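Student: Residue-level listing of the chains:
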Amino acid sequence: MSEPAAAVTSTPSPISPASPARRMRPRLSDLGLSPGKLTRLKRLLYDHGPGGGTILVLPIDQGLEHGPIDFFDNPDALDPGYQYRLARDGRFSAIALHIGLAEKYYHEYAGDVPLILKLNGKTSIPPDAEAFSALTGTVEDAVRLGADAVGYTVYVGSPAQDRDFDQFHRVRADADRFGMPVIVWAYPRGESVGKKGGKESLYAVDYAARVALELGADIVKVNYPVHSEKDQQSPAPYNTLNLSPEAAFHKVVTSAGRSLVLVSGGEKVGDRELLAKVRASMDAGATGIIFGRNLWQRPRDQALAITRELHAMFREYAEPRG
Amino acid sequence: MSEPAAAVTSTPSPISPASPARRMRPRLSDLGLSPGKLTRLKRLLYDHGPGGGTILVLPIDQGLEHGPIDFFDNPDALDPGYQYRLARDGRFSAIALHIGLAEKYYHEYAGDVPLILKLNGKTSIPPDAEAFSALTGTVEDAVRLGADAVGYTVYVGSPAQDRDFDQFHRVRADADRFGMPVIVWAYPRGESVGKKGGKESLYAVDYAARVALELGADIVKVNYPVHSEKDQQSPAPYNTLNLSPEAAFHKVVTSAGRSLVLVSGGEKVGDRELLAKVRASMDAGATGIIFGRNLWQRPRDQALAITRELHAMFREYAEPRG
Amino acid sequence: MSEPAAAVTSTPSPISPASPARRMRPRLSDLGLSPGKLTRLKRLLYDHGPGGGTILVLPIDQGLEHGPIDFFDNPDALDPGYQYRLARDGRFSAIALHIGLAEKYYHEYAGDVPLILKLNGKTSIPPDAEAFSALTGTVEDAVRLGADAVGYTVYVGSPAQDRDFDQFHRVRADADRFGMPVIVWAYPRGESVGKKGGKESLYAVDYAARVALELGADIVKVNYPVHSEKDQQSPAPYNTLNLSPEAAFHKVVTSAGRSLVLVSGGEKVGDRELLAKVRASMDAGATGIIFGRNLWQRPRDQALAITRELHAMFREYAEPRG
Amino acid sequence: MSEPAAAVTSTPSPISPASPARRMRPRLSDLGLSPGKLTRLKRLLYDHGPGGGTILVLPIDQGLEHGPIDFFDNPDALDPGYQYRLARDGRFSAIALHIGLAEKYYHEYAGDVPLILKLNGKTSIPPDAEAFSALTGTVEDAVRLGADAVGYTVYVGSPAQDRDFDQFHRVRADADRFGMPVIVWAYPRGESVGKKGGKESLYAVDYAARVALELGADIVKVNYPVHSEKDQQSPAPYNTLNLSPEAAFHKVVTSAGRSLVLVSGGEKVGDRELLAKVRASMDAGATGIIFGRNLWQRPRDQALAITRELHAMFREYAEPRG
Amino acid sequence: MSEPAAAVTSTPSPISPASPARRMRPRLSDLGLSPGKLTRLKRLLYDHGPGGGTILVLPIDQGLEHGPIDFFDNPDALDPGYQYRLARDGRFSAIALHIGLAEKYYHEYAGDVPLILKLNGKTSIPPDAEAFSALTGTVEDAVRLGADAVGYTVYVGSPAQDRDFDQFHRVRADADRFGMPVIVWAYPRGESVGKKGGKESLYAVDYAARVALELGADIVKVNYPVHSEKDQQSPAPYNTLNLSPEAAFHKVVTSAGRSLVLVSGGEKVGDRELLAKVRASMDAGATGIIFGRNLWQRPRDQALAITRELHAMFREYAEPRG
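So the sequence lines, in the order shown, correspond to chains Z, G, D, L and A.
The first sequence begins at 1 in my numbering and counts up one residue at a time.
The second sequence begins at 1001 in my numbering and counts up one residue at a time.
The third sequence begins at 2001 in my numbering and counts up one residue at a time.
The fourth sequence begins at 3001 in my numbering and counts up one residue at a time.
The fifth sequence begins at 4001 in my numbering and counts up one residue at a time.
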């Protein structure tokens, strides 16, 4: 039933001496986590994936968010089994997806790759001006399926953010009740965001990270902020900050406080650029990455090859089990 | 892990002879409070903070309401631990914040500084024309965390006030059921407010205070009304009142009836101005203040210094345990 | 703590011979009331107030509906205790108000003056074009507080009437479940009403009275219809009716069927005009009146004086306990 | 309304050097407590009573458990106000009682003395052979009243222990949900206990302490075991242990593990005996005592005098705020 | 705080050639398990403990079931931390215990050793004639704590088995809803069992194993049947079967069908006897063992030594990840 044994079989992460950047990553023991959240997070951070307190997530919710359009680059990727096998064989910390891909495929990989159940989503068909992602599943679905975390997208700044907050606080409360970690996809969106520097501006990404912390995210997924001329439309002092990419991301991680930070991959880029971005993120205190298209839009061999490089890099950031 | 012992260690508030203004502060025993509300309010009014029936609250919800932008003045303040330590070491009556900052940080300060869980909020990204703050937590969250009160923002006059009232009455009913005091942030907002004198006009602030009383606030947080030419757009007789700032605030406190009044700090001002505003408020019958940026945008030493002055001033307004 | 004993101490209502108008007032025994509704209504109609099957209600929800603006004429009235004492000392059948004024003040008057808990409301700040009053309390709050009825405003004809009906049917169902009488403030509102004769037209008031009956009001509060040129915009045959004020109101009472009718006071008028309006209403089959500003905007002595006159008049309309 | 100011006004507990026995008391930070439980326990252990991590509880549930028979020695004690004032003026950590005494009296002392709501009880009229205490209140009652803990009696070994466990696990789950500490009165009872050494035997008390830990008690109230000839009927090796009273109690505290131990007072004894028992208990690792009859069966002056001695003794066992 | 690093550090289980007995162990993929149950069982069977589809559980519920009496042999074992560290350092598949030991201690080991939350229990004080174990926790508690299975004792044949079945079917339904594996402690008990060969007879153990299967156990814990003269009282043909111990146990495993079988350890026996019993059990198709007293009544060094032997033996029974 299964494919040949995992192609990524590096030995358990040895503990390297702490790099300077490493001290910014929050320690699990400081986070006030309930035993259930702690147990589940340790599975993601230590028992699976590169370990050592880092996390490497493979998302496959793009079929909902963007449509099958994303699978043209690598037609194999249209079959959700492709991503499941990539997550398993590449020893990812977890795979993140919606209820349908969980119910129809996860039984073949249950226990082999941890599951993050994404709980809300939308299509890209209507415009993003009033972006809002409705529920596609519940925390109880996640418990039932044996997931180790849930994912939820908050569109920070959208005109619909009131419905979003209201919807999220119920998810968060259920997650607290069940001891289920919550990962917030913190995405600036909406026309007001557009007028204040845009969704990739430091102003917007920084605000989104803090909102996730305030609302109760255990982990927050952010995009790497991009400096552009539009920053001049951001409120002061963001309009004149002019930080280096590394410094800007460092600021975002600081704003996230005790929410662990995952960096979003975004569109596919070259290997060198990808690895550089990951290293910069980890240096700035990120806990890990969540890369989809950058991995499964590559052919399997290339995807596994770069995954091996990511494992190797993450070992440099490993910490003792907390 | 903690900083040097509390810098504000003034002895328990002695009881001063009642000043004339003091007779306007409602007495707890007149308020028809259930035993649970009474017990919790006494903690805020007598057992913590300056005591003597006064209240000094440190809010840190600005990261959600305004974004990380508010932390540039004092970068230390970006870490929520900064405000927690300031609240503890400055012997505040309570710290007020959202669920995320409670769950991730409060365990380190539990029992050392009372908690007010803010239950709704929004970002400042979309415009305020239809302002509405959605739920971020519940009264049951507050009970679970050991909070002594909940906070809720009502945007009086907003086109969305119907959703707001509806949402609030459920919070208020839960609070009644659990004996949890409710603090209403009573903020005039929306385009109709703008056309009738604006959100700082006496008309608007006075109306907002009364609305909080009518809806069931145990404590109401109001802004100090500001006289301006826009008052001429307010309905009669507000358009011709021309009250002194003190008289205007006195009117607001009277409209709030048996809802205890907290004065909002707003943007950072100089020490002298700040203390004068507090004294005028207390003279007019306020029960206390809720100052955030005016405290934590100052460096710790300066923040503690002015906190000491506030403690000293509040002792002049102390009343015997009711 | 209380003021001198009640200034209105007329003996229990003697039973006068039935006036002609009296036969139009529905008899309680004909209304199919559940025992709980019957018990509570008898308290309002016979045990308190002028008795004899009539009802005299003092409302104090204007602080929410209009703001503190209504209290300038008589500054004493800004303190809700003023209205409570007026209701008690003037032997009103009940006082009608929102949850906040009930929770903070009613404990001082509990059992001395019956309580009608108003369950929805709004401010006057936004325009009335899409008028909708959101919930501020629940029938269960009313039960808990010992109220003898609940009040609910339906804005008949408003673009928001769908939400209104939906909200009301839940309140009505709760009231049925708990045996709690429901008083509907039946107010025509919205731009379509404006185009068809306006909110005071017979067309609109008559329609509103019937809507209250259809939706399940035990008592309906209506405004006295006002004949004007705008009636010509009403649908036929209202555009040509040309009824006397008494006949017009008689029509409204007839449309209300087995919903008992209360007449609304509206803005303050002179004594003579007020008493004439009441007599006309009672002659036309009203069960009583609900006058707020016309009473508490008067100084206490004048308010009690006119209340005595109302008691005397109501004795003429008394019926034997039904 | 209140009596002369507190007769026990010793200054806040200074921190003494740790005595050897002190190291046996579990530290709050080791107990895995939720923020709500931690907050509430700190009130009992540090903010009220002797403080320094110790606890001194005044129970008044004997009117239910034994009947008014217990109040003949000191007729003043028949009025529950007597115990409330004794708890307040003697600066007890808390008063423990049933819902009726809470609802009718606590409002006078709310916030002045912490409340432990006892949730189950029985009378002494039927025999104890199948002892079972039914619910008299709920955790939600405790939340509503502002209590800082709940109390529950488990009759370990009773033929009815199955109903007891079932009833308790629901109380425990509610307490977890609301962050409310649970104090278990762990009492061996029933005919099988009688056959195995009796309810005061080390076998029975030791077993009861462990059962409380296993079932989830945050604090366990135990009786001091009494060595007697009946011990020979206990299972081996209890039938031959022959421990000193201090060693026996030390064993019980060890069996309670991370449940904090309160020693029960039982019937009234002389001052010297009482103080010796307390010292032995604290030396063995108890966190405090819960003495009722031994305090309120004494006249007020004598009760306050011995309370002062208890405060003084507890200061020797004080630890820094945990 | 923790002891020296794990004493049992054998490398991940290599896959040995299947032994003949192995074919009797049900395959996970044949059991119709939901994804949640499958995920959680794989953690117990492959990710922790000896792996390879086997399971080695350390139970510590004897403090409730037998009292502290079981801890005299090895006083260190009175501290639940002893068992937790033994489970972690000895690389057990899981530790099984009640809610109190989970809430107070598990936070220190969360994620390091899987948790099986035992959901019902009783003391040994009353006689076993009507044995019934009442609930001490719920499946939702298990979810909240991050447990990977729940345990439940069914007293097969007890006069109270009707209440037991009723109680169990609710637990089983909750477990189905949450995807939580259920381990049934299937224990023959009660006076009727005594009359039909006794609780250790093949008749009784065999029946109990089948009952667990019928009621929905994912795993059943049974005692090794003991042949004795009392077997003659069993119904035919059990009264004449005369099977070898191995054959008898083989029969029990067969009766358990697709419920995986765990062998109970019972009272402490010598090393040789213990290992022989385990081998016989595994040869007969058991999936693993659940040994408490036989491990933690040994001093830590000896306990770890025999645990190493168990690991080595289990490797002989390892199967590829299913």
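Treat the hints with care, as some may be off.
What the hints assert, rightly or not - Quick look at which bits of chain L chain A covers, simulated, 3 or more residues with Cβ under 8 Å:
(1) 3067-3081
(2) 3147-3155
(3) 3187-3198
(4) 3213-3227
To be clear, the hints were calculated from the coordinates, so they are not data collected in a lab.
Remember, predicted model here, so these are calculated numbers, not experimental data.
Just so it is clear, CB atoms sit at the ideal spot from N, CA and C, and this is done for glycine as well.
Student: Evaluate each hint against the coordinates.
Tutor: Against the structure, the hints:
1. With 0 residues carrying a beta carbon less than 8 Å from a beta carbon of chain A, the region 3067-3081 of chain L misses the three-residue requirement, and the given coverage is violated.
2. Counting residues of the region 3147-3155 of chain L whose beta-carbon sits less than 8 Å from any beta-carbon of chain A gives 0, not enough to reach three: the coverage restraint is violated.
3. Three residues within the 8 Å Cβ limit are the bar, and the region 3187-3198 of chain L against chain A gives 5, so the coverage statement holds.
4. For a cut-off of 8 Å, the count of residues in the region 3213-3227 of chain L with a CB near a CB of chain A stands at 5, and the three-residue condition holds.
Hint check: violations occur at hints 1, 2; the rest are consistent with the structure.
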